[in-house]
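Place chain B on chain A using the hints.
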Amino acid sequence: SQKIEQNSEALNIQEGKTATLTCNYTNYSPAYLQWYRQDPGRGPVFLLLIRENEKEKRKERLKVTFDTTLKQSLFHITASQPADSATYLCALGGDSSYKLIFGSGTRLLVRP
Amino acid sequence: SQTIHQWPATLVQPVGSPLSLECTVEGTSNPNLYWYRQAAGRGLQLLFYSVGIGQISSEVPQNLSASRPQDRQFILSSKKLLLSDSGFYLCAWSLGGGQFFGPGTRLTVL
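Listed in order, the protein sequences are those of chains A and B.
Quick note, the first sequence lines up with residues 1492 to 1603 if you use the numbering used here.
Quick note, the second sequence lines up with residues 243 to 352 if you use the numbering used here.
Everything labelled a hint here was simulated from the structure, so no lab data went into it.
Treat the hints loosely; a few may be bogus.
[Said to hold, decoys possible] Only pairs whose alpha carbons sit at most 35 Å apart, straight line, appear in this in silico DSBU-like list of lysine-lysine:
1) K322(B) - K1590(A)
2) K1494(A) - K321(B)
3) K1494(A) - K322(B)
4) K1590(A) - K321(B)
[Unchecked claim] So, partial list: chain B residues that the calculated Cβ filter (under 8 Å) puts toward chain A:
5) A282
6) G285
7) L288
8) S336
9) Q341
10) F342
11) F343
12) P345
Even for Gly, the Cβ is constructed at its ideal location relative to N, Cα and C.
So here's chain A without its partners, still in its complex pose (with noise of 0.2 Å):
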């Protein structure tokens, strides 16, 4: 069955460092992969959508990245503050349905 991973340990950096999260997959082959923010008690906010064929995407302080040979993504903050501390969940998308498949999600937290 598809599954998908995020560290379950919480990502621990010093304000000012880049925090580097990671999603890895298995049984999929997504036509795409996204990220969300989610703080606490709140619903998740989108952040960035990289499609098969994109190596690298970028957003302001954000930067994504999806190897399709790996299975794997990994989404950057740059020059990390303590309001970016929360959960970072990655999905995988693709089919027709438009459905998403969650990762249960890497809590950040920067220290100021």
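Structure of chain B alone, referenced to chain A:
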């Protein structure tokens, strides 16, 4: 701009009682609509999705049902709640790219 509303924000219900959660979207037409449930510390579990009025696809067999009586209205229902129905329920809309989520309903079944 588009907005999505969910209500109620919090709900405490006894086992065996009925449930009705409502979601409405403004500022877009013919969106895909989704209901998810999120258990504490877990990922999002897709429950239902709809690509049009009256069109509902169920992802997980359970005692919940969904309906889409209008283009921008999506309702999640149950005739008899179970303890295992407790969780954070999220509605989302999409036009094929990213999904945009509502504020969620925290349901506790006692």
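Numbers of the earlier hints that this structure fails to satisfy, in rising order: 5
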